[in-house]
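Visitor: Spelled out from the first residue to the last, the chains are:
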Amino acid sequence: MTEKKNSLSDRVWDFFCSLKLTITIMLLLAVTSIIGTVIQQNAPAADYIKEYGQANYKLFVKLQFVDMYHSWWFIGLLGLFSINLICCSIKNFPRAWKFVKSPMLVASPGILKNSANRAEYTTKEDKQQLAGRLTDLLKKEFGKTTVTEVDGKLYLFAQKGIYSRFGAYMTHLSILIIMAGAIIGNLWGYKAYVNIVEGTSIKQVLSSSGQTPINLGFTVRCDNFSVIYYPNSRRPKDYYSDLVVLENGREMVHKRIEVNDPLTYKGITFYQASYGSAGNAIFKIKVTENATGKTMNFNARRGEHVKLPNGYSFSINGFTENDRQFGPAMQLHVNSPDGKHGRPFIVWQKYPQFDVKRAGTFSFALINYEEPQFTGLQVAKDPGVNIVWFGSFLMVFGSLTAFFFSHKRIWACLETAGGKTKLQVVANAHRNQPGFALAFDEFKQKLDAVVENKSPAKKG
Amino acid sequence: MESGLLFNLVTVAYFAAMLLFFIYLATRNNTVSLLATLTAVSGFLLQTAALGLRWYESYQLLGSDGRAPLTNLYESVVFFSWSIVLIYLLVDLKYKQRTIGAFIMPFALFSQAGAQMWLNAGIDPLVPALQSNWLTYHVITCFLGYAAFALACGVSIMYLIKIGKEEKYQGDGPMGGLLGFLPPTRVLDDINYRAIMIGFPLLTLGIITGAAWANYAWGTYWSWDPKETWSLIVWFLYAAFLHARFTRGWVGRRAAWLSVIGFAATIFCYLGVNLVLSGLHSYGS
Ligand code: HEM
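Listed in order, the protein sequences are those of chains F and C. Following our numbering, the numbering of the first sequence begins with 455 at its first residue and continues without gaps. Following our numbering, the numbering of the second sequence begins with 66 at its first residue and continues without gaps.
None of these hints come from the bench; they were simulated from the model. Note that the Cβ used here is the ideal one computed from N, Cα and C, for glycine as well. Please note: incorrect hints may appear among the correct ones.
Heads up, simulated DSS-like pairs for lysine-lysine below, C-alpha to C-alpha not over 30 Å straight-line [to be verified]:
#1 F:Lys614 to F:Lys645
#2 C:Lys292 to F:Lys691
#3 F:Lys594 to C:Lys159
#4 F:Lys607 to F:Lys581
#5 F:Lys740 to F:Lys794
#6 F:Lys552 to F:Lys512
#7 F:Lys598 to F:Lys555
#8 C:Lys292 to F:Lys512
#9 C:Lys159 to F:Lys900
#10 F:Lys876 to F:Lys835
#11 C:Lys161 to F:Lys835
#12 F:Lys516 to C:Lys292
#13 F:Lys645 to C:Lys292
#14 F:Lys581 to F:Lys593
#15 C:Lys292 to F:Lys614
#16 C:Lys159 to F:Lys898
#17 F:Lys794 to F:Lys761
#18 F:Lys900 to F:Lys614
#19 C:Lys161 to F:Lys898
#20 F:Lys900 to C:Lys161
#21 F:Lys738 to F:Lys748
#22 C:Lys292 to F:Lys474
#23 F:Lys504 to C:Lys292
Stretches of chain F that chain C covers, calculated by requiring three or more beta carbons in the stretch to come under 8 Å of a beta carbon on chain C [said to hold, decoys possible]:
#24 476 to 482
#25 679 to 690
Computed Cβ-Cβ distance ranges for the label pairs, DEER-style [said to hold, decoys possible]:
#26 C:Trp322 to F:Gly533: 21 to 31 Å
#27 C:Trp322 to F:Phe847: 32 to 42 Å
#28 F:Gly507 to C:Asp130: 48 to 58 Å
#29 C:Leu184 to F:Asn702: 30 to 40 Å
#30 C:Leu99 to F:Arg689: 44 to 54 Å
#31 C:Asp130 to F:Gln665: 34 to 44 Å
#32 F:Phe799 to C:Met182: 50 to 60 Å
#33 F:Gln518 to C:Val192: 33 to 43 Å
#34 F:Asp501 to C:Leu99: 52 to 62 Å
Next up, chain F with everything else stripped away, as it sits in the complex (with noise of 0.2 Å):
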């Protein structure tokens, strides 16, 4: 055994198998994670040379800072995480299953003689009658009790919470599980993001990191997207798209996607994001010939030059949505017939009447206006986080099964030694041992009980 020991490759297993290993990655990455969030992270070079000039820079490049979560030497400490834990599981995972394989039936005179919970007892009662009676208790008690004759001698066991053995194998698992569900996300998943036009539809979307575009293999219509605000408040309370999913023209699903509510096909998820205005709105306008009273009503778009009566023409020069506090207001100005630009001037919608006061030779009034809008998408497909949620899932069930219950194992030992029968009762627990020590203090109780029975007994 010590020459084995020396050898290379037990040596090169005992260091990936070692917690002492465990706990050094452990604070290594924790320290090492600092890194990426005090240096900015995938900016552009330019700003890594105007904040720590052109030296760092390289240096930064060269030590891999500037997408250090990427870096080879940060996977590489995750693999030796990886690896570390594997080994570890590998070695000790007998030890454990041992437990459930072969159960220590009959109690050791060691573990008799010096388990921190004991009773004794000694009585005139026959040990079978007193063991059938200690086994209900177990039963009751623990579960499930095996009884063994040996040397005429008569050994219960019980035990439970066994799986608590096995909590730290399945929090581990479970790492295993999220870091591969990780993996499977980022060879054959995306990210990517899209702008759709309300009333348009796209069959491609941009991926995030090359902006190169990816063919999602159906097509994707937005039928509608709207912004709902706070009463009296230019925040956004909420707002969504209506989404089509179209193949070969069918039309697959409907779905109202809004922010924290995506819509999934075959895979692929689109998030709203973002929106903003598609540019070119249509404004209403209603134009009275001052002199005749005759009113006219146009469609109109930002710079484009429209007819008006008698050879005059006007054009919208900008508009805003909220002009001050007045609400929505155009810029607009009257050419007249000898094609002479006529002086800008402000129309708001919620005050129709007021450009009768400027005394032109024609007066505007805004009905309303339509502005296209473009909802933006988050796109991911992500094959992998349903894998990552059962590993998360996985870890907290393992490592409250791990810290919070314990494998508790009783056993008694029934012998006739001098026409008396002697009762030992020994049981551990393989964690939190001042708690199980209390339980234990309160089964004595229940023990006495069912020894004293018939005759009251003499604790040894």
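Could you slot chain C with the ligand onto chain F? The hints should help.
Guide: Only chain C with the ligand this time, still in chain F's reference frame:
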């Protein structure tokens, strides 16, 4: 708002409780310790009522857009204070070590008073990204976890104060003076471990619910942003603490230091990332 008034009363109660715990340390009078605990309990009940009232007020103010008071910095700091006292009172029930109050109430007082003094207590409507149940689960789990770490830090400080003197102590019989009055170092070490054992799964849940929320809102469960990364740093530190413990090598002084460092990292994750790192460059803008 009525709840603001109640929160001011809470600050007063926690301040009084802290003073009483200090007086208890000085006088060792059991009546004082009972009074201190009762004051802390009434402060806690008051704070619970104030949180409930603020919840109700949010509905009065915003109509159907009201929400649980767990959505901005002010509310989270107040909830942190509430969680600390909750965890402390539970530990008090189990361990009956009254002196711990003197080392944990300052944390609760500081966060409650700090929120009242420096943070904006307005009830504003939420931007769409914050309108998610995941946010509620995320805040509750994170802050209960942080509170457990605060308690671990408090008892670790007690441990570090006491152990230094205890090791130098030459006389026979129990140590006298104030230090002799603190709980046995063995008990402090045990509470430190147990508090972290409770805080760690809560932090794990906090990170997972945060990831779930990010995934629903933005389509990535993890993007290595400074906040996420710091929560992972804290997670690694406490994971290291727990594993160091399993080997039985790291009890006592080293465990206490690791717990103090862990809590410092927790506070940095909570406040420092927003205050310090966002000053370095404009994350989150
Ligand atoms: C993060 C990566 C982790 C690594 C690399 C790791 C590694 C290890 C190693 C090497 C051991 C020693 C195994 C043994 O002696 O049986 C161990 C034990 C343990 N680990 Fe972890 N661990 C990790 C995370 C966790 C987490 C997150 C938890 C709990 C939430 C956890 C809970 C445990 C427990 C309870 C034990 C003790 C097992 C026992 O003695 O029964 N581990 N871990």
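Visitor: Each hint should be assessed against the structure and marked as holding or not.
Guide: Hint check results:
no. : hint                             : in the structure
1   : F:Lys614 to F:Lys645             : violated, 48 Å
2   : C:Lys292 to F:Lys691             : holds, 25 Å
3   : F:Lys594 to C:Lys159             : holds, 28 Å
4   : F:Lys607 to F:Lys581             : holds, 9 Å
5   : F:Lys740 to F:Lys794             : holds, 22 Å
6   : F:Lys552 to F:Lys512             : violated, 55 Å
7   : F:Lys598 to F:Lys555             : holds, 15 Å
8   : C:Lys292 to F:Lys512             : holds, 27 Å
9   : C:Lys159 to F:Lys900             : holds, 24 Å
10  : F:Lys876 to F:Lys835             : violated, 69 Å
11  : C:Lys161 to F:Lys835             : violated, 53 Å
12  : F:Lys516 to C:Lys292             : holds, 26 Å
13  : F:Lys645 to C:Lys292             : holds, 21 Å
14  : F:Lys581 to F:Lys593             : holds, 18 Å
15  : C:Lys292 to F:Lys614             : violated, 41 Å
16  : C:Lys159 to F:Lys898             : holds, 22 Å
17  : F:Lys794 to F:Lys761             : holds, 14 Å
18  : F:Lys900 to F:Lys614             : holds, 18 Å
19  : C:Lys161 to F:Lys898             : holds, 25 Å
20  : F:Lys900 to C:Lys161             : holds, 28 Å
21  : F:Lys738 to F:Lys748             : holds, 17 Å
22  : C:Lys292 to F:Lys474             : holds, 28 Å
23  : F:Lys504 to C:Lys292             : holds, 25 Å
24  : 476 to 482                       : holds (count 4)
25  : 679 to 690                       : holds (count 4)
26  : C:Trp322 to F:Gly533: 21 to 31 Å : holds, 29 Å
27  : C:Trp322 to F:Phe847: 32 to 42 Å : holds, 33 Å
28  : F:Gly507 to C:Asp130: 48 to 58 Å : holds, 49 Å
29  : C:Leu184 to F:Asn702: 30 to 40 Å : violated, 56 Å
30  : C:Leu99 to F:Arg689: 44 to 54 Å  : holds, 49 Å
31  : C:Asp130 to F:Gln665: 34 to 44 Å : holds, 38 Å
32  : F:Phe799 to C:Met182: 50 to 60 Å : holds, 52 Å
33  : F:Gln518 to C:Val192: 33 to 43 Å : holds, 35 Å
34  : F:Asp501 to C:Leu99: 52 to 62 Å  : holds, 60 Å
When held up to the earlier numbered hints, the structure conflicts with 1, 6, 10, 11, 15 and 29 and fits the remainder.
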